[in-house]
Structures are given as structure tokens and as C-alpha cells.
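**Q** Each chain is listed here by its residues.
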Amino acid sequence: MKPKIIYVDDEWPNLNAFKAMFRHDYDVILADSAELALSLVQQHKPSVLLADQRLPNMTGVELLELVQATHPNTVRILVTGYDENRPLIDAINKGSIFYYLQKPWNNHQLSALLLRASQHSYNQNLIQNQNTELLKLVDELERFVYSISHDIRAPLMSVLGLIQITRLEPEAAPRYLDYMEQSVHKLDTFIRSVIDHYKNLRTENTVRLIDLKALFALVIETQIPQTMRPEVNITLDIDPTLNLYSDEFRLNLVLGNLVNNAAKYYATNQPNKQLDIKVTSDGNLVTFVIEDNGRGIADKHLGSIFNIFYRIAADNAGSGLGLYLVKETLNKMDGTINVASVLGQYTRFTITIPNGHESQVRG
Amino acid sequence: MDTKAKLEADCLVLLDDVPLHNLIADKMLGYNNLLMPRQIFSEAQDLLDFLHKPADELPKRILMLVDLMMPEMSGLDIAEHVLELPQEVQSRCRMFIVSSTIDDRDIEAIEQHPAVECFLNKPLDASRVSDILQQPVPNGKWGTAA
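Chains as they are written, first to last, in my numbering: chain S, 1 to 363; chain C, 364 to 509.
Worth flagging that the hints you see were computed from the coordinates, not collected in a lab. Quick reminder that beta carbons are idealized off the backbone N, C-alpha and C, glycines included. Treat the hints with caution; some may be incorrect.
What the hints assert, rightly or not - Partner residues aside, some chain S positions facing chain C, computed with beta carbon under 10 Å:
1) 58
2) 161
3) 164
4) 168
5) 297
6) 301
7) 352
To be verified - In silico negatives: residues of chain S with every beta carbon more than 10 Å from chain C:
8) 23
9) 30
10) 72
11) 80
12) 122
13) 126
14) 146
15) 153
16) 158
17) 182
18) 269
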């Protein structure tokens, strides 16, 4: 895509000459008034704005100052046919211009200048985008560091406490060892989730043909505890015509977390545990519906369950990372997720992802 | 043995969303001869319901050991609720917050809260609870003059 340049001058011969000279290398947009230039800047967010100093209702310096406030990444160049020191000094002092160009311009010089200006604008945008991403990462890092005291330190402190009471009550050691094992598993789950989260953030999608039956078999085996599996009636209904091209790591992460949640949140000693999984395809969209008849989620929580470290229940099961990870992973896949639930009856997650194409499969 | 402490609190309340932490605290307190009757909760709302019981059903000297980080309501949220209780009920309650946090901001917020007497680290060191209970009761608490 060519960099966008707006040139504002009230003399059409200048505008036309400029466009004729630079239209091959740049997307040149012309304006014959400051007012029009302002609205074009708003609309196009150009890399470079060149403004003639002598405009009818506003000076070039005034226009560049306004643009500096609203679009600081647009590189601003002042053009004037007069030897006017005053506006030049004003503009430089106010920091509103990148370069001062005197008419008549030298085409070679102007060409080099525009190249430098558009590169400068590109770099400014890059820095700004990287800063935004950096701020998000710093915020996330702060949350993680804070969560360490709860999600990493708390299970460790449980183990420490259990060691202390095992010393005082050695005859109960087998029971306390079981508790220690649970705490260690909880810690391990948290660490794995953090690593999955960063892998999701840092890797690109790797599209391949997915064997959905095999994937679900793996998810069920790894996410539903072996002791519970015989108690859960699982139905799996996959559109037989579907050839799904997607990122297997991410799909496994999403489905694994949802199936794991279903297994975790059946009511205590619940009979007739049910888990229904349906995969359908409509054009380019593939829809997964995962429904369990477990505890359900109260209405007041439904809007917050995808927030980082949001935990619903007073129980030992969740770290508040799983559904956040599901949502973030689906964002990376251009997918969506919706939840419907009635407390004490069911929870139904519906996710949609775009189906990739054979041509996206690499090597 | 800490006989004074046993006489002082007539009800010990434990609140932690992780039942295992309640079990560990309960055991630790028992091994330190803090054997007063217990009320053990894993949901904050249950503790608030307990504190809103009619005055004649509520113990006179309540010691509450409350976790900091819980879903829906934190230990500091509970402390705010305590401040809204009738003065007579507040005077029956002494509240300690127990947490695995090592975040200075958390610890400072706990130590500065008027409803919280002290911060205790996990795993609970019950001998510290005994030591604190050996100290004079803060003014206005457990029947002492405000």
C-alpha cells in the first residue's frame, strides 16, 4: 500500500503539479482549503501533510498545529513561497513541523524529503503500536505477578501446612499426602495455563486438517478424570461432511478447557452426568456446541466469566485463567464464544471458528 | 498451654474459599490448644449471615480468621461489612486476615483497616494467634471499655 500524502494549497496549479509528480509513489490527496484538509486528515490519517503557509482562513502553521494535536504521527511539512521568518520560527518553536520547504521546490529534494517523511511516519506508527502492546503486556505482567501470591504461593503454603500437620499426626499421613498431591496438581495446572497463554500470544496459527474424532478422544481422555469417565454419558455428533482446517494446538486448548470445566462443575455426587458435543458447518463457519447438565452458572456471573482471574465459586477448582485463555485463544483464531446457562440445570458454550483452507497448510 | 486464650474467645470463625486451608488452620489451632467452638465457612455470605444473627444467638467474644483473596468478596470486603454492623456486634468481633500474599500493597491495606487487628501469613502459625490473644484485648472489644 502506498503511503498517503495530503497536500493543501489554495493554488490549483501547485496542487496539480504536485500530484503529477508524486502520484506513482504515493497516494496523493489534494485540498484547496485548511478546512477541507482537516476533514481529509481525519478521514485518511495520512503519513505526511504538506501545508502552504498562506491559506484563506487559517495559516499553514495554525493548520499544522491543529493536526499535531489530533494526529501526532502525521509528519507535517510547511511550504511557503515567501521568505517569512516569523511563521517559520513559530512553527519550529511549537514543534509542529517536520520540515520547512520553500517554493519553488526542487523536485529531487522534495522527493527525498517525502521518502524520509513517510518513513518517519511509518516508524512513529510502529513505535506507537509497539507501545500499546507493551502497555498491555506490562498490565498483564502486573496481574500475573500479583496472582503469583494466590495461584502459586497458596498451593505451596497448603503443602507446607500439610507437612507440618503430618509431622504432628503421622498416622493420618496417607490422607494428607492425597491433599498434597491435589495442591501440587493445582499448581501444575496453573503453570501450564500460563505457559499455554504465552504460547497462544506468541505463535502464529498453524493450519492443518484436523481429525476431530481423534482430537475429541484425546480431549476426553486428558480432561475428564479416569474415575469419572464411566459416569458421564458423552454424545459426540460431528458433521460427517466437514473437513476442518484449523490450528490444532489452539483448538485443543479451547475444547480441552471447556470439557475440563464441564467435568469439574458437575454437582457433588451427581447421577446421570451428561456431556453433549455437536460440531456443525455452515459455509466457512464451524460451530461447536458443548453442553453439560452440571451445576450451571448464575446470571450475575455470565458477563464476567471470561475475565482474567475471575472465579465464580467458593471451591478449590478454578484459577480464573481457563475461560480467559479460551477467549484469548479464540481471538487469535478469529473465533467467537457465547455461553448460556441455567443454575442447577445446564451450561452450554457455543463457539464458532472460521474454517481454513487446504492452501493454508504449510509443508 | 494458653489457658487465657481458651477462656477469652468463645467462638472461633474460619473463612477460606479453599476448604483445605480451613482444615489446615483448624488442625494448627487445635495443636496449639485453641480449642474453642468453631464456625467454619467457605463462603463469605455464610459468615455475614452468621454475624447478622439475633444478638442473643451470637457469641459474645468472636475471633475471626478470614482469608484475603476469595471470589465475590475479599477479606477486606468482609472488613468493610464488619464496620457497618451495629456497634454492639462489632465489639464482639476481633478480625485477623490470613493470606499467602506477599504483596506490600495488600499487607498495607490490611494493616491500615480499622476493622482488622492483624495480618497473618499462610500457613497459619497458630502460636502467633496464641501470642496475640495473650496481649491485652484492644479497647472496645470483647466487653472492654472503648
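**Q** Give a verdict on every hint.
**A** Now the hints, each set against the structure:
{"no.": "1", "hint": "58", "result": "50 Å, violated"}
{"no.": "2", "hint": "161", "result": "3 Å, holds"}
{"no.": "3", "hint": "164", "result": "6 Å, holds"}
{"no.": "4", "hint": "168", "result": "5 Å, holds"}
{"no.": "5", "hint": "297", "result": "12 Å, violated"}
{"no.": "6", "hint": "301", "result": "9 Å, holds"}
{"no.": "7", "hint": "352", "result": "29 Å, violated"}
{"no.": "8", "hint": "23", "result": "58 Å, holds"}
{"no.": "9", "hint": "30", "result": "56 Å, holds"}
{"no.": "10", "hint": "72", "result": "34 Å, holds"}
{"no.": "11", "hint": "80", "result": "56 Å, holds"}
{"no.": "12", "hint": "122", "result": "40 Å, holds"}
{"no.": "13", "hint": "126", "result": "35 Å, holds"}
{"no.": "14", "hint": "146", "result": "6 Å, violated"}
{"no.": "15", "hint": "153", "result": "4 Å, violated"}
{"no.": "16", "hint": "158", "result": "5 Å, violated"}
{"no.": "17", "hint": "182", "result": "7 Å, violated"}
{"no.": "18", "hint": "269", "result": "16 Å, holds"}
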